[in-house]
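Q: Each chain, written out:
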Amino acid sequence: MSQHDFNIANQGFPAFRADLNSGLEALATNSSGSTQPSTTFAYQFWYDEANDLLKMRNSDNDAWITLASFDQATDEWEVRSAVVQAVDAAGLSIKTDDGTTRFSVDDSGQVSFENYSFPIADGSANQVLQTDGAGTLVFDDPPAGYTDSDALDLFNATGSAPVYACRAWVNFDGTGTVSIRDSGNVSSITDDGVGRYEVNFATAMPDADYSTVAMSARSASSEQEGIYINQVIYTTTKFGLLETNGSEKFDPSIVSAAVFR
Amino acid sequence: MNQRILYKTPQIPGAEYQGGIAVIVPTGELSVTETAKKDVPTGLPYKIVDVSDIPSDRTFRDAWDIEEAELTDGVGE
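For the protein sequence lines, the chains are X and W, in the order given. Residue numbering for the first sequence follows numbering that gives the first Met the number 0, starting at 0 and increasing by one per position. Residue numbering for the second sequence follows numbering that gives the first Met the number 0, starting at 0 and increasing by one per position.
Calculated directly from the structure, the hints in this document are not laboratory data. We put the CB at the ideal spot given by N, CA and C, even for glycine. Check before you lean on any hint, since a few could be wrong.
Here are a few chain W residues that face chain X, going by a calculated C-beta distance under 10 Å [said to hold, decoys possible]:
no. : residue
1   : Pro25
2   : Ile53
3   : Arg60
4   : Ile65
5   : Val74
Derived DMTMM-like pairs: lysine to aspartate or glutamate, alpha-carbon spacing no greater than 25 Å straight-line [claimed, not checked]:
no. : chain 1 : residue 1 : chain 2 : residue 2
6   : X       : Lys248    : W       : Asp61
7   : W       : Lys7      : X       : Asp172
8   : X       : Lys248    : X       : Asp206
9   : W       : Lys37     : X       : Asp172
10  : X       : Lys94     : X       : Asp74
11  : W       : Lys36     : W       : Glu66
12  : W       : Lys36     : X       : Asp181
13  : W       : Lys37     : X       : Asp96
14  : W       : Lys37     : W       : Glu66
15  : W       : Lys37     : X       : Asp74
16  : W       : Lys46     : X       : Asp74
Turn these sequences into a full structure, and let the hints steer you where they fit.
A: This is the structure in structure tokens:
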């Protein structure tokens, strides 16, 4: 800490020399101290040791302007200002310690990161920022959404009739230890007894007006009639199936069902 | 899925089928517990068992039964 009023008083030689040295030390140390110098001058520097801030006296000599903050433990410093202005037309850059420019603002106002640049002008309403893949971002209309035609192409469908996709399906073995071969949007099947099953949706249907297609394997040794929807179990969350063999129920080795809505 | 979920089918007056055990076979799309809570009818207690505990002989499937006291793993939601 060294501060001085920068006024050399009339005095004897030894005192003059000490006074002068004290003033020079204050100049060399930017009048550092934990409190501001008792005598201040316009444009004077002061290193505020209490807050590790370098300040400069304003031209009216009635306030301090903070220039920078210092971390004396790590020997780093930060600019303290609401505004940073480029000194010339080269604009502003931020570089990493290897000298690579990671961020810049050029004189036209274009903001660039290392690998891409943002447009200067705003786009139109609802436009989105798109890249050309070569480092230039532009505002442009968003890509068109999928159309019915795209959906038909996706399903290799010809003609213009709409496509309604399967919303749930399952293939299971109803014999022995009942097991599911594979499924989609089905959380489980419920084995209610011989020839009686429920298919439980993982995600419910929007209503119970969906269409169910079910088939089952025919046993070579039985007069199996076929598989039916159990009309008392047909909700948004599940549907029931009945497999009959004459008046008896029957466990088929393959039950497959698909739901459309 | 090597686990099954058991619950007792409720007695429903007038229904074609009454009582017995329902065996839920999870697909694995949800966890067993999630499946049990979702697919067991609301309020009915259930038991989660290993698939090896389920008889593979279904000759008397409709006569299978379980003590209510054994259904201790949760209740359908």
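Q: Checking each numbered hint in turn, tell me which of them this model violates, lowest number first.
A: 4, 5, 8, 13, 15 and 16
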